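Participant: Here are the chains, one letter per residue:
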Amino acid sequence: MSTGAIALVLALVLASRSAAQEFAGAGPAAGPDGAARLIEHALPDRARGLEGMVAETRWWGLDALRTRTVVVGIGAGSGRLALGLSQTGDPALGWTTLAFAAGAASARAGAGLRAVARLDRDAPWALSRAVAHSAHEIGAGAWLEPHRGWHVWASAPALARRGAPPLDRPLACGVRVGERSALWFALRAPRASDDGERACGVVLAIAPLQVWGELRDAPMRAAAGVRYEWRSCALAVRVDPHPVLGQTVRMELVGRVARGGP
Amino acid sequence: MTRLVAGALLCLACGVACAQPPEPPPEAVEGDYTLERADSVAAGEVEVVVGAAGAGGARARGSRRVSFRGGGASGTIREGDDALAGGRVAAPFARGTLIAGRLAPRWGQGLLLGGAADPWARTALDRGARARFRGRAGEGLAYESGAGAWVAGRFDGAALAAVRGRRGPYGAGVVVARAQAQWTGSFEEPATAFELALARGGRWRAEGAVAVDDGPFEATLRARAGTRGFRPLAEPRRAGPAHALAFSVARPFERVRAEAFGAAWRWAGGRTGARAALEVGAGMGQHGSFAVGLEQQHGARREPSPRTRPGGVRQGVWAEWRGGSPAARLSLRHELWGARAFARDAVRRAMVARFEGAVPLGGRVTVTHAVWSVRRGETLYLPEPAADRLVLRSLSGSAARTRSELALPFAGGEVHLALVWRSGGTRDGTTPPTWTVEWSRRSRLAQARADDGEGGGDALRGADGTTHDRGVVRHARARQGARGAGP
Chain P
30 MSTGAIALVL ALVLASRSAA QEFAGAGPAA GPDGAARLIE HALPDRARGL
80 EGMVAETRWW GLDALRTRTV VVGIGAGSGR LALGLSQTGD PALGWTTLAF
130 AAGAASARAG AGLRAVARLD RDAPWALSRA VAHSAHEIGA GAWLEPHRGW
180 HVWASAPALA RRGAPPLDRP LACGVRVGER SALWFALRAP RASDDGERAC
230 GVVLAIAPLQ VWGELRDAPM RAAAGVRYEW RSCALAVRVD PHPVLGQTVR
280 MELVGRVARG GP
Chain S
4 MTRLVAGALL CLACGVACAQ PPEPPPEAVE GDYTLERADS VAAGEVEVVV
54 GAAGAGGARA RGSRRVSFRG GGASGTIREG DDALAGGRVA APFARGTLIA
104 GRLAPRWGQG LLLGGAADPW ARTALDRGAR ARFRGRAGEG LAYESGAGAW
154 VAGRFDGAAL AAVRGRRGPY GAGVVVARAQ AQWTGSFEEP ATAFELALAR
204 GGRWRAEGAV AVDDGPFEAT LRARAGTRGF RPLAEPRRAG PAHALAFSVA
254 RPFERVRAEA FGAAWRWAGG RTGARAALEV GAGMGQHGSF AVGLEQQHGA
304 RREPSPRTRP GGVRQGVWAE WRGGSPAARL SLRHELWGAR AFARDAVRRA
354 MVARFEGAVP LGGRVTVTHA VWSVRRGETL YLPEPAADRL VLRSLSGSAA
404 RTRSELALPF AGGEVHLALV WRSGGTRDGT TPPTWTVEWS RRSRLAQARA
454 DDGEGGGDAL RGADGTTHDR GVVRHARARQ GARGAGP
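From first to last, the protein sequence lines stand for chains P and S.
Once you know that position 227 of the first sequence is 256 in this note's numbering, the rest is easy, because the numbers rise by one and skip nothing.
Once you know that position 189 of the second sequence is 192 in this note's numbering, the rest is easy, because the numbers rise by one and skip nothing.
Source of the hints: derived by calculation from the structure; they are not laboratory data.
Keep in mind it's a predicted model, so treat the numbers as computed, not measured.
It is possible that part of the hints are untrue.
Said to hold, decoys possible - Incomplete in silico selection of chain S near chain P, CB under 8 Å:
id, residue
1, TYR36
2, LEU335
3, ALA349
4, ARG352
5, GLY365
6, ALA421
Unchecked claim - The following residues of chain P were derived to be distant from chain S, with all beta-carbon distances above 10 Å:
id, residue
7, LEU79
8, ILE235
9, ALA236
10, MET249
11, VAL266
12, HIS271
As the list claims (entries may be wrong) - For each label pair, taking beta carbons as the anchor points, the in silico distance ranges come out as:
id, chain 1, residue 1, chain 2, residue 2, range
13, S, GLY288, P, ILE235, 28 to 38 Å
14, P, ALA251, S, GLY273, 45 to 55 Å
15, P, ALA161, S, GLY365, 34 to 44 Å
16, S, VAL32, P, VAL99, 46 to 56 Å
17, P, ARG177, S, ARG67, 47 to 57 Å
18, P, MET249, S, ARG310, 35 to 45 Å
19, P, LEU91, S, ARG310, 52 to 62 Å
20, S, VAL259, P, GLY284, 44 to 54 Å
21, S, VAL259, P, MET249, 27 to 37 Å
22, S, GLY160, P, ALA221, 37 to 47 Å
23, S, GLY365, P, VAL99, 32 to 42 Å
24, S, ARG157, P, VAL206, 53 to 63 Å
25, P, ALA152, S, ALA61, 31 to 41 Å
Think of the CB as a built atom: it goes at the ideal place given N, C-alpha and C, for glycine as much as any other residue.
Could you put the whole structure together from the sequences, leaning on the hints where they help?
Facilitator: The structure is reproduced here in structure tokens:
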């Protein structure tokens with residue numbers, strides 16, 4: 030993969046309509062995804078316990094543009110904490126991301142904050158360089174269950190930022206109806222370069238599998254995924270074809286301990 | 004029976020309606036506009052507010068406000084507040100009320116004093132004793148009683164005197180300013196109202212309104228006619244269109260309430276305008292609600308100048324949901340306006356989320372995040388409610404705005420911290436954040452008297468506020484005279 034090609038891809042990334050970034054799990058866009066969702070969207074999971082996740086994303090079929098992610102989350106009482114580390118791309122053009130998120134959740138509502146720091150990998154790591162040259166992003170999110178089985182969320186992952194993030198992620202909100210099997214609809218606010226995005230999807234639970242499909246507009250495209258759950262572990266794969274950029278594949282492995290409702 | 008027939012005719016003739024959102028009045032300059040809420044202090048209470056505000060590295064500005072109500076008197080005095088400087092004091096006097104300071108009287112239908120800001124509105128939101136907002140029509144001294152009223156002060160930069168007498172539903176008065184006189188005669192009852200205003204040169208204007216309240220069904224019809232050159236001396240910029248016809252209907256269906264309104268008007272220069280909307284809302288549990296609305300706008304919404312390009316058709320659709328409990332509340336709104344049918348060819352789009360939750364120590368945190376994309380020549384207004392005001396933020400371009408607020412009990416009162424930052428919409432993409440610190444305390448002066456309770460029912464802090472105030476993007480319009488505003 031040449032440097033020029035990577036630069037082109039990154040330019041396309043900036044202009045693309047993906048709503049997810051380094052810590053997006055392989056699950057459906059409407060979640061819940063546990064600690065990864067807290068880190069990525071500032072939406073705390075209502076379940077408590079200890080969770081660990083490793084994931085890899087291969088963006089648009091490019092071997093040189095992979096994201097490797099580790100997330101650890103813990104929930105006790107109503108408090109939720111998550112810490113994530115990821116590395117994206119080759120050293121020449123890639124970046125390292127450190128993220129921290131905290132929130133509070135009950136059975137009917139939750140709210141969280143996320144903070145992300147990114148540092149380019151084109152120079153050896155040094156604390157002074159990290160302080161001076163890293164890009165920052167702070168976001169917030171909240172969700173509610175107004176009725177049993179109805180889940181409404183709003184997430185603004187980049188309320189404030191310093192430096193240019195790989196993706197411009199404005200406010201997004203949506204509603205999911207159902208529990209393990211569900212329908213959902215989401216809206217993303219417009220950016221300077223586009224007219225927003227609308228998405229809908231369905232999740233079907235066929236134990237021990239969970240399968241999902243979703244549709245997004247501008248340009249119209251679909252995505253699908255499957256998750257296999259075994260005891261306290263889950264393995265998920267998600268495929269996001271894009272008519273211009275190619276196919277993105279995400280895989281995640283999640284392990285959970287002592288999870289339960291609040 | 005007559006009421007039923009009138010209502011049915013209204014429905015057949017019009018078809019559509021909706022709530023009327025606040026919008027800057029015609030005298031407002033381009034940009035943000037601040038509406039002052041009516042006093043919220045209860046009888047026998049005094050409220051003291053001390054605050055400071057700043058932006059970026061600029062020097063902080065201090066402000067003070069005192070509001071009181073007791074013994075039949077009430078008032079608000081402000082200092083250091085650019086948007087709402089001045090004050091107003093009202094006290095009982097000679098079987099009526101004497102008012103000094105900022106004045107916003109309304110007589111009859113408002114043809115001479117207290118005209119509505121919008122051609123489709125029946126009454127002004129900020130004119131009259133019982134208005135939701137305190138207006139700023141003029142300054143001076145006024146007296147109101149059941150038998151009549153008089154006003155002496157400066158309105159629109161000129162000295163003005165006015166007197167009006169009332170007998171039952173009938174009223175008659177005269178307004179004198181700039182060496183001219185204008186006369187008014189009116190008839191007012193709960194279901195019907197009429198006013199005829201006369202000016203020199205044979206200019207005249209008349210307006211009548213009929214309201215039908217037949218159980219759950221409510222409807223109003225308003226018609227206006229007159230000569231083109233008529234302008235009220237007190238508020239010439241609120242003259243409104245010479246000809247207008249407006250209606251509104253509302254009816255609940257089980258848990259769903261449907262409201263519709265329509266209006267058409269013609270300005271002095273022959274330019275026309277029209278607006279029609281349908282809004283359907285439903286309560287969802289104790290604290291939740293959902294509403295969806297459709298609206299079409301056409302033509303000039305403000306009196307156009309000869310150079311103004313005719314406004315094109317705008318179709319809009321919006322949906323708003325709010326839910327949760329007092330401990331955690333979430334509100335979402337999406338609004339889309341297009342230049343073509345079914346809101347296609349989007350010219351204005353906005354999305355707003357607001358979260359409000361309880362925090363330790365008895366405090367509350369609120370985060371409001373708005374994202375919008377507005378085509379050149381269009382303007383969108385974002386209502387920003389505060390304890391004593393409603394600020395209509397004028398939005399343009401593509402940008403995002405975040406307002407974080409924290410309210411905590413402190414020193415016998417409440418301290419309120421707010422931080423606002425905006426990204427995008429400027430050449431370098433950022434603007435300096437603004438901050439506000441405010442401490443307020445309410446104290447009881449004496450035991451409340453039952454006859455002091457004029458107002459006070461619109462509790463502000465900690466309450467939901469009205470639907471319009473808490474909503475997100477509440478109104479959108481094409482900027483008058485903007486190039487490229489038309490299709």
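Participant: Please go over all the hints and tell whether each is borne out by the structure.
Facilitator: The hints, checked one at a time:
The restraint placing TYR36(S) at the interface with chain P is violated, with a minimum CB-CB distance near 24 Å, outside the 8 Å limit. Interface restraint check for LEU335(S): the shortest CB-CB distance to chain P comes to about 5 Å, inside 8 Å, so the restraint holds. Checking ALA349(S) against chain P by beta carbon gives a least distance of about 6 Å; that is within 8 Å, so the hint holds. With a cut of 8 Å, the hint placing ARG352(S) at the interface with chain P holds, because the nearest CB-to-CB distance is about 5 Å.
A distance limit of 8 Å between C-beta atoms decides the matter here; for GLY365(S) the minimum to chain P is near 16 Å, and the interface restraint is violated. A hinted interface residue such as ALA421(S) counts as satisfied when its beta carbon comes closer than 8 Å to some beta carbon of chain P; here the least separation is about 15 Å, so the hint is violated. Annotated as non-interface, LEU79(P) keeps its C-beta farther than 10 Å from every C-beta of chain S; the closest such distance is 25 Å. Non-interface call for ILE235(P) relative to chain S: holds, since the shortest CB-CB distance, roughly 31 Å, exceeds 10 Å.
In this structure ALA236(P) is separated from chain S by more than 10 Å, as the shortest Cβ-Cβ distance comes to about 31 Å. With 10 Å as the threshold on Cβ separation, the claim that MET249(P) sits away from chain S holds: the shortest Cβ distance comes to roughly 16 Å. Every Cβ of chain S is farther than 10 Å from the Cβ of VAL266(P); the closest lies at roughly 31 Å, confirming the non-interface assignment. With a minimum CB-CB distance of about 22 Å to chain S, HIS271(P) clears the 10 Å threshold, and the non-interface call stands.
Between GLY288(S) and ILE235(P) the Cβ separation comes to about 32 Å, which falls inside the hinted range of 28 to 38 Å. Remark: the range hint 45 to 55 Å for ALA251(P) to GLY273(S) is upheld by a beta-carbon distance near 53 Å. Between ALA161(P) and GLY365(S) the CB atoms are about 41 Å apart, so this pair conforms to the stated range of 34 to 44 Å. At about 55 Å, the beta-carbon gap between VAL32(S) and VAL99(P) stays in the expected band of 46 to 56 Å.
In this structure, ARG177(P) and ARG67(S) meet the distance hint of 47 to 57 Å, their C-beta atoms being roughly 49 Å apart. The given range of 35 to 45 Å is respected by MET249(P) and ARG310(S), whose C-beta atoms sit roughly 43 Å from each other. A C-beta distance of roughly 54 Å is found between LEU91(P) and ARG310(S), which places it inside the suggested range of 52 to 62 Å. Against the hinted window of 44 to 54 Å, the Cβ-Cβ separation of VAL259(S) and GLY284(P) comes to about 47 Å, which satisfies the hint.
One distance hint, 27 to 37 Å for the beta-carbon pair VAL259(S) and MET249(P), holds here, with the actual separation near 33 Å. The supplied range of 37 to 47 Å is met by GLY160(S) and ALA221(P), whose beta-carbon atoms lie about 42 Å from each other. Taking the beta carbon of each, GLY365(S) and VAL99(P) are about 39 Å apart, inside 32 to 42 Å as hinted. As the Cβ distance of ARG157(S) to VAL206(P) is approximately 59 Å, the hint placing it in 53 to 63 Å holds.
In this structure, ALA152(P) and ALA61(S) meet the distance hint of 31 to 41 Å, their C-beta atoms being roughly 37 Å apart.
Hint violations for this structure: numbers 1, 5 and 6, all remaining hints satisfied.
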